[in-house]
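From first to last, the protein sequence lines stand for chains B and R. Following my numbering, the residues of the first sequence are numbered contiguously, the last one being 339. Following my numbering, the residues of the second sequence are numbered contiguously, the last one being 680.
Please keep in mind that the hints were generated in silico from the structure rather than gathered at the bench. Just so it is clear, CB atoms sit at the ideal spot from N, CA and C, and this is done for glycine as well. Just to be clear, a hint being listed does not mean it is correct.
Unchecked claim - In silico BS3-like links for lysine-lysine, alpha-carbon gap of 27 Å or less: (1) Lys-608(R) / Lys-553(R); (2) Lys-193(B) / Lys-219(B); (3) Lys-126(B) / Lys-540(R); (4) Lys-540(R) / Lys-553(R); (5) Lys-126(B) / Lys-219(B); (6) Lys-608(R) / Lys-126(B).
Claimed, not checked - Output of the computed footprint for chain B on chain R, the stretches with three or more beta carbons under 8 Å from beta carbons of chain B: (7) 462-471; (8) 641-651.
Unchecked claim - Over the 10 Å line for every Cβ pair with chain B, so calculated as not near, a few chain R residues: (9) Ser-432; (10) Gln-481; (11) Thr-513; (12) Phe-531.
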Amino acid sequence: MRASMREGRSLARNLARFRDVGIGGIVVAVAIAFGAVNPLFFRPENLFAILLAVGIIVVLAVGQMLVIISRQIDLSIGSTLGVAAMVTAMVGRDFPDVPTIVLVAVAVGVGALLGAFNGFLVVGAKIPAIIATLGTLAIYRGLVFIVSNNIQVNPSEVPSGVTALARVSSVGIPPIVLIGVGVVLAGWYFTRKTMTGLRLYAVGSNPEAATARGLSPLKFQFWVFVVMGALAGLGGLLYIARYSTVNPADVGSGFELQVISAVVIGGTNIFGGSGSVVGVLMGVFLVGILANGLTVIGVSGFWQSAAYGAIIIIAVVVDTLVRRQMSSGGRKEKGELDG
Amino acid sequence: MDNPKASTLASAGKFLGPFLPAVVVFLVAMVWGTLASPFFLDIPVLLLHSGRYMEIGLLALAMTLVIIHGDIDLSVASNLAFSAAMLGLVYESGASIAVASVAAIAVGTTLGLFNGFLVTVVGLPSLVVTLGTLALYRGMAQIALGDQAVTGYPDGFVGADQNLVFELIPLPLTVFIVMAVLIGFLAHRTTFGFVSLMLGKNQVATMFSGLQPKMNRLIAFALSGAMAGFAAVLITARLGSTRSNLALGFELLVVTIVVLGGTDIFGGKGTIGGTVLALFAVIAVREALAIQNVNGQIQDAVIGLILVLTIAVPVAVSRLFGRVKVSRRKALLGLEKGTTQ
Chain B
1 MRASMREGRS LARNLARFRD VGIGGIVVAV AIAFGAVNPL FFRPENLFAI LLAVGIIVVL
61 AVGQMLVIIS RQIDLSIGST LGVAAMVTAM VGRDFPDVPT IVLVAVAVGV GALLGAFNGF
121 LVVGAKIPAI IATLGTLAIY RGLVFIVSNN IQVNPSEVPS GVTALARVSS VGIPPIVLIG
181 VGVVLAGWYF TRKTMTGLRL YAVGSNPEAA TARGLSPLKF QFWVFVVMGA LAGLGGLLYI
241 ARYSTVNPAD VGSGFELQVI SAVVIGGTNI FGGSGSVVGV LMGVFLVGIL ANGLTVIGVS
301 GFWQSAAYGA IIIIAVVVDT LVRRQMSSGG RKEKGELDG
Chain R
340 MDNPKASTLA SAGKFLGPFL PAVVVFLVAM VWGTLASPFF LDIPVLLLHS GRYMEIGLLA
400 LAMTLVIIHG DIDLSVASNL AFSAAMLGLV YESGASIAVA SVAAIAVGTT LGLFNGFLVT
460 VVGLPSLVVT LGTLALYRGM AQIALGDQAV TGYPDGFVGA DQNLVFELIP LPLTVFIVMA
520 VLIGFLAHRT TFGFVSLMLG KNQVATMFSG LQPKMNRLIA FALSGAMAGF AAVLITARLG
580 STRSNLALGF ELLVVTIVVL GGTDIFGGKG TIGGTVLALF AVIAVREALA IQNVNGQIQD
640 AVIGLILVLT IAVPVAVSRL FGRVKVSRRK ALLGLEKGTT Q
């Protein structure tokens, strides 16, 4: 029985890995298809543009994955990014001599603070995450308006140290991409190689059992929101770097859907307890390549949203069917043993 | 304990409990608006203004049913946009406005059924499905209309929302009231509604009860789509033009209203009456802010704050008063015994 369990587990692990490889395959296939229609897709300038877009989304997506693994969700990330970007851009505008590293700290700090407030609402005030963050989605957006007094920060006012993050550096790669890679590596290390990461999965897949083992799900739930906030803040900084303009009306709005879509396409279970950084990275790439590729091959931008929605649905349908196959296989095995 | 007065009080409290936040918010907003401006408390004007919230109201009615089931439909606003696009294109192709309106409602219902199909037959989580169709349906509206707007609707249709029933109640509000009564009846006076509540409380047990829970959930999604179709007709009559960005972001406001009305976001508990009260509470807040020239973004933030407080305050109060806490804990323990064992 032990052996069959171990077998079952390795089967599940293989399937999960197979899934990551599967999405990776789809990403490559989609990229090749775009390239075949229009070779310009593979021009360095274009790949560069894709990387810049992916760099920002992936930072948020890794955070959201951690939140979803712990059975929570954060709908407020677009607004959190907005507040962090606005505050940071204003500090940069009003104190042009401040070193870039201070601006990074401001962005991450503001984000972490807002994330902590989300965590407090969920853990302290016992509000379901989906409602708490639906509320703060609107509250933080209002905060952007109040903080900025509805005045936008213009490209000329953004310190050059920040905009340099989106330009090719001496290494040949824009720092945004390096930051994205750093977050992905950190996320991968945390979820795969640390005890705390393993415990996060335990808390997400079965909070009662985790409590019985002496873990505190509430603590994990609080801290995933803080980490998510900090990453959204970092995303805010990258947003300034990439777009230069910070407009209080729309900074970061709609990011929550893009990010949650990428996380779901990446195979993260929306009910918590499972998800992989590699899968999420693939999900982010698929979303990023699709958005860029459709434009490059001359499909009207109006098709983008529909393609996006279709892919989410297809990904989830395929996922569910595979998962069902997996669990029914397991059940059969157990039935044989019992018989 | 045997004191009949106390028990009637308790039962009144139990009955009013879920409605209390919405009622308090409504009253506070009305008083505040009246104090802020002498022009605020003008009932006919307020009623007329309320007309433009009725599209959201219709969506919230069906959303209440969907959420009671333990599901959610995030695609309602996108569904509305695509249904409105179809209304516009059918009308442009030469059909009468009545035919176009029926077409919009049919399209909305079909899209709702598609959501329901994926959730009940394929067995996917509704949050993910409708997140997908939120993008898909909006995208379909964009493909259908591009950056063009459909205009040139007939005169009697455009501005129909200004018509008054009994010389007081605007037409959209009348439509909303009729729908609220119908859906309220469905939710609270029929087997369908009973099964909905059971499903939301305990899906597994309901599956074994010999009822047809799948059909129930499917109908709720179809109804949600149908309301999006109705709302598409209303919004077209009100605005007189159709663009693909119609009702952008409405889904969040709709969910907010439903939750404010005392419906449990995890299902199994909720009333149409609560949603109706919450809608009027939100209208009162927005009108009270609008008359003081408060920016729309801040209006949204205030609604968000109210949403959070609605849930946080009862929890805080029950913590402060130990007696409530004990009885609550007892209730929770009893509940846990029932479900986890």
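Each hint, compared with the structure:
1. Only pairs whose Cα atoms come within 27 Å are accepted, and Lys-608(R) paired with Lys-553(R) is accepted, the gap being roughly 18 Å.
2. Restraint check: the Cα-Cα separation between Lys-193(B) and Lys-219(B) comes to about 20 Å, which is no more than 27 Å; the hinted pair holds.
3. With a C-alpha separation of about 19 Å, the suggested pair Lys-126(B) and Lys-540(R) falls inside the 27 Å cut-off, and the hint holds.
4. Restraint check for Lys-540(R) and Lys-553(R): satisfied, since their Cα atoms lie roughly 15 Å apart, inside the 27 Å limit.
5. Restraint check: the Cα-Cα separation between Lys-126(B) and Lys-219(B) comes to about 13 Å, which is no more than 27 Å; the hinted pair holds.
6. Proposed proximity of Lys-608(R) and Lys-126(B) is supported: the alpha carbons are some 18 Å apart, at most 27 Å.
7. For a cut-off of 8 Å, the count of residues in the region 462-471 of chain R with a CB near a CB of chain B stands at 8, and the three-residue condition holds.
8. Interface restraint, the region 641-651 of chain R with chain B: holds (8 residues with C-beta to C-beta distance below 8 Å; minimum three).
9. Distance check on Ser-432(R): its Cβ is at least 20 Å (rounded) from any Cβ of chain B, clearing the 10 Å threshold; non-interface status holds.
10. With a minimum CB-CB distance of about 4 Å to chain B, Gln-481(R) fails to clear the 10 Å threshold, and the non-interface call is violated.
11. For Thr-513(R), the condition that its CB be more than 10 Å from all CB atoms of chain B holds, with the nearest at approximately 30 Å.
12. Residue-level check passed: Phe-531(R) sits 26 Å from the nearest beta carbon of chain B, beyond 10 Å.
In this structure, the one hint that does not hold is number 10.
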